[in-house]
Every structure is written in C-alpha cells, then in structure tokens.
Amino acid sequence: MTIAIGLEGSANKLGVGIIRHTPSKPAEILSNIRHTFVSPPGEGFLPKDTAIHHRSWVVKLVKQALKESGVTVGDVDCICYTKGPGMGAPLQSVAVAARTLALLWDKPLVGVNHCVGHIEMGREITGADNPVVLYVSGGNTQVIAYADQRYRIFGEALDIAIGNCLDRFARTLNISNDPAPGYNIEQMAKKGKHLIDIPYTVKGMDCSFSGILGFIDAYAGEMLSGTEKRDPDTGELITPEDLCFSLQETAFAMLVEITERAMAHVGSTQVLIVGGVGCNERLQEMMGIMARDRGGSVYATDERFCIDNGIMIAHAGLLAFQTGFTTPIDESTCTQRFRTDEVFVKWRD
Amino acid sequence: MAPPTPRLIDGTLLKQGAEAHVYKSTFLLPDMPCVIKVRPTKPYRHATLDMRLTKHRCVSEARLLNRCRSMGVPCPAVYFVDEKRGEIIMEWIEGPSVRDFLNDYMDGNSDPDPNQGGGAAGTQLDTLMQNIGQTIGKLHDIDIIHGDLTTSNLMLRHRELQAPAIESPRQECQGLAKNNISTSLLDFDVVLIDFGLGQVSNSDEDKAVDLYVLERAFLSTHPRATRLFNIILDSYKQNCLSSAVVLRRLQEVRLRGRKKSMIG
Amino acid sequence: MPTTLSVPHLPSSYRLHLALFTSVRNAAHLHSQLLAKNPEYEYAFIEPSILVSNLQPISAGFRAIHDLLDPDVGLRTPNVHSETVFSLSPTHNITDSYRRFGISPSSTAVLAIKILDTSLASYSESETLERLSSIVEGTEVDFSTEEIRKLTDLSKVKKYYKLKDLGYVDQLYKKKGRTIEEKSEEEGWRDLEVAVLGAMALRSLV
Numbered sequence: 001m002t003i004a005i006g007l008e009g010s011a012n013k014l015g016v017g018i019i020r021h022t023p024s025k026p027a028e029i030l031s032n033i034r035h036t037f038v039s040p041p042g043e044g045f046l047p048k049d050t051a052i053h054h055r056s057w058v059v060k061l062v063k064q065a066l067k068e069s070g071v072t073v074g075d076v077d078c079i080c081y082t083k084g085p086g087m088g089a090p091l092q093s094v095a096v097a098a099r100t101l102a103l104l105w106d107k108p109l110v111g112v113n114h115c116v117g118h119i120e121m122g123r124e125i126t127g128a129d130n131p132v133v134l135y136v137s138g139g140n141t142q143v144i145a146y147a148d149q150r151y152r153i154f155g156e157a158l159d160i161a162i163g164n165c166l167d168r169f170a171r172t173l174n175i176s177n178d179p180a181p182g183y184n185i186e187q188m189a190k191k192g193k194h195l196i197d198i199p200y201t202v203k204g205m206d207c208s209f210s211g212i213l214g215f216i217d218a219y220a221g222e223m224l225s226g227t228e229k230r231d232p233d234t235g236e237l238i239t240p241e242d243l244c245f246s247l248q249e250t251a252f253a254m255l256v257e258i259t260e261r262a263m264a265h266v267g268s269t270q271v272l273i274v275g276g277v278g279c280n281e282r283l284q285e286m287m288g289i290m291a292r293d294r295g296g297s298v299y300a301t302d303e304r305f306c307i308d309n310g311i312m313i314a315h316a317g318l319l320a321f322q323t324g325f326t327t328p329i330d331e332s333t334c335t336q337r338f339r340t341d342e343v344f345v346k347w348r349d
Numbered sequence: 001m002a003p004p005t006p007r008l009i010d011g012t013l014l015k016q017g018a019e020a021h022v023y024k025s026t027f028l029l030p031d032m033p034c035v036i037k038v039r040p041t042k043p044y045r046h047a048t049l050d051m052r053l054t055k056h057r058c059v060s061e062a063r064l065l066n067r068c069r070s071m072g073v074p075c076p077a078v079y080f081v082d083e084k085r086g087e088i089i090m091e092w093i094e095g096p097s098v099r100d101f102l103n104d105y106m107d108g109n110s111d112p113d114p115n116q117g118g119g120a121a122g123t124q125l126d127t128l129m130q131n132i133g134q135t136i137g138k139l140h141d142i143d144i145i146h147g148d149l150t151t152s153n154l155m156l157r158h159r160e161l162q163a164p165a166i167e168s169p170r171q172e173c174q175g176l177a178k179n180n181i182s183t184s185l186l187d188f189d190v191v192l193i194d195f196g197l198g199q200v201s202n203s204d205e206d207k208a209v210d211l212y213v214l215e216r217a218f219l220s221t222h223p224r225a226t227r228l229f230n231i232i233l234d235s236y237k238q239n240c241l242s243s244a245v246v247l248r249r250l251q252e253v254r255l256r257g258r259k260k261s262m263i264g
Numbered sequence: 001m002p003t004t005l006s007v008p009h010l011p012s013s014y015r016l017h018l019a020l021f022t023s024v025r026n027a028a029h030l031h032s033q034l035l036a037k038n039p040e041y042e043y044a045f046i047e048p049s050i051l052v053s054n055l056q057p058i059s060a061g062f063r064a065i066h067d068l069l070d071p072d073v074g075l076r077t078p079n080v081h082s083e084t085v086f087s088l089s090p091t092h093n094i095t096d097s098y099r100r101f102g103i104s105p106s107s108t109a110v111l112a113i114k115i116l117d118t119s120l121a122s123y124s125e126s127e128t129l130e131r132l133s134s135i136v137e138g139t140e141v142d143f144s145t146e147e148i149r150k151l152t153d154l155s156k157v158k159k160y161y162k163l164k165d166l167g168y169v170d171q172l173y174k175k176k177g178r179t180i181e182e183k184s185e186e187e188g189w190r191d192l193e194v195a196v197l198g199a200m201a202l203r204s205l206v
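Protein chains in written order, with our numbering: chain A, 1 to 349; chain B, 1 to 264; chain C, 1 to 206.
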C-alpha cells in the first residue's frame with residue numbers, strides 16, 4: 001500500500017490530490033481539490049498573475065487535502081508534481097512548493113508529465129484498457145496510442161490547441177471566463193441552430209485550428225461592429241449562439257475524424273477523451289456515435305478528472321514511483337516543453 | 001413497376017477505413033477489376049457539414065487522381081464519379097500496401113535489421129524507399145499535396161502484372177516480403193492511393209506538412225525503421241525539383257509540432 | 001458480327017450492341033436521318049477516330065444507361081443514344097459533343113451502338129443485330145481495341161480531351177536534363193486510354 005500527494009499547476013488551475021494504491025485493487029482517491037484563477041472577461045490568464053495565485057493558495061490547498069484525506073504526513077510515500085508541459089511561471093511556483101514539502105517532510109519527489117497524468121487517470125477511472133486517447137485542453141490537442149513503453153503521438157494540432165482556440169474565441173465575444181470559457185461556449189452552442197461555413201482543416205491525423213479561429217474571429221468582429229449576417233437558407237439573423245454552435249460542430253468533427261483515423265490505423269475500438277475540453281458533452285456525444293459505429297465505445301470522465309487536477313499527478317507519479325522512479329532534488333526542475341512520448345512508461349506491459 | 005436502378009456498390013468489401021468503404025468489383029467488363037470507394041455519411045457530424053465534406057472530398061479526390069494519373073504520377077485512374085452519393089469507381093491496383101509489406105518484412109525476416117542496411121534484401125529495401133521518395137517528389141513537382149501520406153496509402157504494384165483477372169489472389173504479392181525479395185522488389189512501382197484529403201498547392205509549407213505527416217505516420221507505424229525513412233527523404237531531396245526549400249521548411253514544421261507554446 | 005454486352009452494375013437486361021465499320025459510304029445519309037430525328041435511326045453513331053480503345057464507347061454507354069436509370073440524374077439529351085455520344089464528351093456542351101464525337105457527313109468509319117432493354121416484349125435479338133449490321137453501309141470489322149486504334153486520330157483525341165499535360169512530369173524532368181525511361185507503346189496507349197476515361201468521368205465535375 002502506497003500513498004502519494006500530487007501537485008498540479010501547469011496552467012490556471014492549482015490542484016492538490018492524495019491517492020492510495022493497494023495491489024490488485026482500484027486506486028482510492030482520498031482527496032482531490034482545486035482552486036482556479038479566473039481572469040476577467042476578454043482577458044486570458046497571464047503567467048505572472050497565475051503564478052501569484054498558485055503561490056498564495058498552495059499551502060491552504062495542501063493542508064485542506066491532508067485534512068480531507070485523513071492521512072498524516074507520515075503516511076505519505078512520495079510527493080508528485082507536474083514537471084511540464086505548461087506555463088513557466090506557474091509550473092515553477094508549484095515545483096518550488098513540492099520541493100519545499102519534500103525537504104520539510106523528508107519524502108522523495110516524483111516529477112510527472114502532465115499529459116501522461118491525464119491519460120493514466122482517465123484509464124484508471126474509466127477502466128479503458130488500451131484506448132486511443134484524445135487529449136484536448138487549452139495547451140494540447142493530441143491523438144495518442146500506446147506502443148512499446150511509450151504513449152505515441154499519432155496526430156496533433158499543427159498550430160494552436162483546440163482549448164486555446166475556444167478560449168480566444170470566447171474573448172472575442174466577451175464571454176465570461178467563469179467557470180471556464182469553454183463551458184460557457186458549450187452552453188451557448190446548445191441554443192445555436194444555424195451552421196455557418198467554417199474552414200475545416202484536417203491533414204492526415206493532424207489538424208489545424210488557426211484558420212478556424214482567424215475566420216470566426218473576423219466573422220464575429222464584423223457582427224459586433226454592426227454588420228448583419230444572415231443564414232442563406234432561412235434568411236434568419238446569425239447570433240453569437242450560432243457562432244458557438246458552428247465552431248463546436250466544425251472543430252469537434254475534425255477531432256472525431258482524426259481520432260477515428262488513428263483508431264482505424266492502430267485497429268482499436270476504444271477511445272478515451274481526457275483534458276479540459278474533454279468535459280464537453282457534445283464532443284463526448286459525437287465521439288460516442290463514431291465509436292459505436294466502429295463497434296466500440298467512448299470513455300470520458302467528468303470535470304473532477306478532465307480538468308487539470310492534483311489527483312492525476314499523484315496517480316501517474318505513484319505508478320512511476322512503484323517502478324522505482326524518483327526525481328532527485330537537484331534535478332527537480334520543470335519545463336514548458338515536455339512531449340508525451342518522451343516518458344518511458346515502465347509500468348505498462 | 002419502378003424501373004430497375006443501377007447499383008454501383010457491389011463486390012467484396014475490402015476495407016472499412018475511417019473515411020471510406022472500399023470494395024473490389026468490376027467495371028464495364030466482367031474481367032476488368034476496379035475499386036469502388038464509397039464515403040458513407042458520418043452520423044456524428046452535422047448533416048450540412050457532412051454533405052459538404054463528402055461531396056467536396058469525392059470531387060476533389062477524383063480531380064486529383066485524374067490530374068496525377070495523366071501528368072505521370074502513379075495512382076489509380078478514375079472511371080466513374082457519383083459525387084452526390086460520394087462514390088468513385090477507379091482502377092484496381094494489384095499489390096500489397098507498403099505498410100503490410102514492411103510489417104511482413106519485419107516479422108518474417110530475421111536476416112537484416114532494417115536500420116543496418118546491407119545485404120541483398122537490405123539493398124532492395126533501400127531501392128523501395130528511394131522509389132517512395134521519388135514518387136512523392138513527382139507528386140510535389142506537379143503541385144499536388146496528398147494530405148494523408150501513410151504507408152497504408154502507398155501500394156506496391158508489379159510492373160508486368162498490372163491488370164490481372166478478377167479472381168487473381170493477392171498471395172503473389174503477399175508472399176513477396178518473406179521470400180523472393182531480392183529478385184522481385186525492383187519490378188514494383190510505388191502507387192499513391194487515397195487522395196481524399198489532397199489539394200493542389202505550390203506552397204512549400206503544404207509540401208513540408210505533407211512530408212511531416214508521412215514522417216510521423218511512418219515512424220509511429222514502423223518505429224524501428226528510422227534509417228529507412230531517411231532514405232525516403234534523401235531520395236526526395238535528389239529528385240524533387242523544389243526539395244531544398246521544402247526540406248528547410250520541414251525543419252520548421254517539426255519544431256513547431258514539437259515545441260508548441262502552451263500560453264493560452 | 002456485332003458485339004453484345006451487358007455491363008456490370010447495370011440491370012442485366014440492358015444490353016449494348018456494338019458494330020464497327022470502315023469504308024463507310026452512307027455517312028451523309030445517316031447524319032441527315034439523325035438531324036431529321038427519324039426514330040428508325042435512333043442509334044449512337046460515333047466517329048471512331050476519337051476513340052482509343054473499346055472501353056471508351058462502353059464507358060459512354062454505361063454512363064448513358066446509368067444516368068437514364070438513376071432518378072437523381074436523368075438524361076440531358078433526347079434519348080439514351082444521343083446521351084451515349086454526349087457521354088464521350090469531357091464538357092457540358094451538347095452540340096459540340098455531337099459534332100466532335102458523333103458521325104459527320106464525311107465520316108469514313110463509324111461505330112454504331114444500339115442500347116435496348118432486352119426484357120421488353122418487343123425485343124428481338126436477331127432483328128436488332130441484323131439491322132445494326134445493315135444500317136451502316138461499309139465493311140464491318142471486329143469491335144476491338146486493335147481495330148479501333150487503327151482508326152485513332154491522336155491529335156484530335158488530345159485536343160478534344162485537353163490532354164496537353166499528359167506525361168507532364170517526365171517532360172519536365174527531361175527538360176532538366178534527366179534521363180527518363182521510355183515507356184513502351186502499349187504503356188503509352190494505356191496512359192492515353194485512362195486519361196480519356198478520366199476526362200469523361202469528370203464531366204459532371206467541370
């Protein structure tokens with residue numbers, strides 16, 4: 001039986017989680033709490049402000065997590081933290097906190113790849129054994145499949161991430177960042193009904209979102225400056241809700257398409273969606289229809305695990321720790337760039 | 001009584017790919033084999049978008065195939081198009097895909113490590129890689145981007161065996177990897193298939209991304225074959241007229257893919 | 001002897017009856033009967049110098065029957081025979097297609113095609129073939145690629161099917177001083193044939 005505490009802060013969420021692994025039993029989540037830095041509408045979160053947020057909350061969150069979990073410092077076997085990828089300043093502030101705890105409590109450190117954290121937590125929660133993984137967040141858009149001890153990237157966004165595309169579009173339309181811009185786009189999209197023609201860019205198993213963003217930003221800009229846009233078939237006015245709807249329908253169709261191509265390529269029928277955008281129910285629904293058509297199914301988690309969190313870092317860190325992996329203090333750096341396929345996955349067959 | 005209607009889709013379902021279903025059938029004559037490629041509707045996407053994509057890809061694929069084939073890049077000829085239903089009847093290409101061939105080769109050949117080269121079989125394999133580079137070079141020299149270059153979309157066709165009878169099994173080619181590699185491989189052309197994501201473009205960026213797609217597909221499908229991929233690039237460099245700028249651009253595309261900013 | 005074919009994917013009762021003639025003496029008469037819309041002369045009379053193989057007219061016949069039977073498509077010309085001539089065209093211009101691919105008063109060779117639904121009670125195979133063999137006054141030869149290629153006018157084919165880019169890559173590389181493996185004559189014909197079939201197939205996409 002081993003227990004790990006995980007600290008995540010690669011973007012605007014600070015998360016702390018505590019997990020217990022017992023051989024041949026599912027992992028137990030002892031606590032999983034999060035505090036999000038929310039920027040005002042029309043603004044993104046800046047690294048400096050986000051780092052300040054993480055620094056001022058990390059002690060409170062660690063204390064609360066310990067309290068909720070009912071474990072004592074003595075029970076903890078290792079301290080896991082996000083090594084990358086992510087934004088530099090927030091990553092650093094959390095790495096410093098993790099190092100401090102390691103020295104203070106005299107515990108080994110485990111640096112974790114954020115993306116691998118998402119994948120392992122998704123597998124644990126859903127029971128998806130060997131799925132094709134679609135990892136979609138503010139910073140990443142990757143189609144991943146496991147082979148030979150690595151999570152290999154079969155396809156990805158060649159420019160900006162899907163979450164980034166949604167966030168920036170939300171800013172153009174002045175959509176609130178509370179609780180998350182993508183969530184608010186999703187709610188608005190439910191009321192949209194006209195599909196406008198948006199560039200659709202898929203290249204093999206890769207895709208591109210900058211063309212979409214440029215197009216829909218310009219379109220929204222014209223609308224906001226008073227140009228009336230109408231649906232060519234019905235003559236009805238195009239609303240901001242229609243834009244959200246069209247953006248989702250188009251961008252998600254691209255994601256489902258590249259995922260399906262990867263599934264056909266590796267011969268898998270399971271698909272697991274992880275990352276913040278993975279909470280989107282329309283994306284899950286579309287993916288589900290595709291997977292069913294291929295005789296398989298889609299696995300997704302709710303916002304506790306989809307959105308960046310501490311428990312996934314604790315979980316993936318503990319998997320590595322159990323194979324003997326630790327990160328010495330003087331190597332406990334963090335890095336903005338850390339490819340998913342750089343991690344040697346010793347804990348899987 | 002309603003008049004009988006033509007039925008394009010028949011024959012044997014060969015492949016149910018991500019985007020299309022592929023049948024083997026006959027065209028015009030009972031002994032003239034053909035491929036029927038059908039793009040079924042994708043219920044997961046909005047009906048309007050689905051129709052737009054299906055029609056666009058069908059039309060675009062037919063045009064690209066025709067352009068390639070007549071300009072001299074090996075690919076299936078187009079026989080018939082029903083763009084409303086997203087169906088294309090095209091020339092049958094006899095032969096294994098490069099993907100199947102390489103997998104068979106890796107499984108069946110204990111002899112040379114693909115990354116070592118050397119040996120008669122190794123040299124033949126190098127020639128195959130050179131042919132691939134040359135064919136992609138030709139494609140880019142007529143300003144066509146394939147859009148989905150994978151080893152599954154590269155076929156090996158025997159030069160003498162181009163239009164076999166419909167019943168002719170594929171064994172001849174499948175056995176190739178394991179047995180007569182040293183005598184047979186030189187007689188094969190590399191044929192490009194599946195232009196559903198292709199486009200006409202003279203941009204270095206588009207050509208570089210085309211190569212990048214192949215690189216990633218190649219190395220994720222055949223992780224042990226890095227050396228072989230480099231032969232493809234070398235051959236592309238030597239054959240394609242605009243290779244210098246494209247390969248420079250490829251470096252940038254690689255960096256972009258691997259070092260994307262996370263800043264939201 | 002005329003050739004009779006049913007074509008894969010089409011109802012098997014639909015048959016193409018084809019006969020190829022050289023040394024034709026009554027082209028002007030046949031042409032005038034077409035203009036007069038004489039139902040006795042409802043045939044596809046094709047100018048064989050624009051053909052490169054037997055597949056080309058069969059493909060045109062396939063297309064015509066297909067479009068006739070497909071309720072979403074339908075014919076663009078008066079009947080399945082005029083449609084067969086039109087189906088040889090790579091463009092939508094119907095008048096041009098008759099002029100270029102159909103018989104002219106001065107034609108000295110003709111490919112005659114009769115398309116019939118053989119399940120109809122009025123159908124008689126022997127009458128159909130007899131009439132097909134006699135309607136054109138000339139020497140009937142085998143409906144084969146070999147015979148057709150004796151009649152092909154390459155420059156006309158390349159012009160009508162806009163094939164100036166045929167084999168473009170090799171030409172380009174040759175210009176750059178590379179040695180290019182010469183294609184065999186048969187390969188050349190095959191390239192031409194599929195280029196023509198492709199141009200016909202893409203008519204609807206022009």
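Just to be clear, a hint being listed does not mean it is correct.
Have a look at the derived ranges for each label pair, beta carbon to beta carbon [to be verified]:
| # | chain 1 | residue 1 | chain 2 | residue 2 | range |
| --- | --- | --- | --- | --- | --- |
| 1 | B | 55 | A | 187 | 29 to 39 Å |
| 2 | B | 55 | C | 182 | 53 to 63 Å |
| 3 | A | 178 | B | 199 | 33 to 43 Å |
| 4 | A | 330 | C | 176 | 50 to 60 Å |
| 5 | A | 64 | B | 106 | 52 to 62 Å |
| 6 | A | 229 | C | 176 | 47 to 57 Å |
Per the computed footprint, the stretches of chain B lying under chain C, defined by three or more beta-carbons under 8 Å from a beta-carbon of chain C, are [unchecked claim]:
| # | region |
| --- | --- |
| 7 | 70-79 |
| 8 | 203-216 |
Just so you know, the hints here were simulated from the structure itself, not pulled from any lab data.
Predicted, not measured: the structure shown is a model, and the values here were computed from it.
For glycine and all other residues, C-beta sits at the position ideal for the given N, C-alpha and C.
Each hint tested on the structure:
The hint said 29 to 39 Å for the Cβ distance between residue 55(B) and residue 187(A), and at roughly 32 Å that hint holds. Distance hint check: the CB atoms of residue 55(B) and residue 182(C) are about 40 Å apart, inconsistent with the given range 53 to 63 Å. Roughly 41 Å separates the CB atoms of residue 178(A) and residue 199(B), a value that falls within the hinted 33 to 43 Å. Between residue 330(A) and residue 176(C), the C-beta spacing of about 58 Å keeps the proposed range 50 to 60 Å intact.
Between residue 64(A) and residue 106(B), the C-beta spacing of about 53 Å keeps the proposed range 52 to 62 Å intact. Taken as a hint, the range 47 to 57 Å holds for the pair residue 229(A) and residue 176(C), whose Cβ atoms sit roughly 50 Å apart. Under the rule that three or more residues need a Cβ within less than 8 Å of chain C, the assignment of the region 70-79 of chain B holds, with 7 such residues. Counting residues of the region 203-216 of chain B whose C-beta lies closer than 8 Å to any C-beta of chain C gives 0; at least three are required, and the coverage claim is violated.
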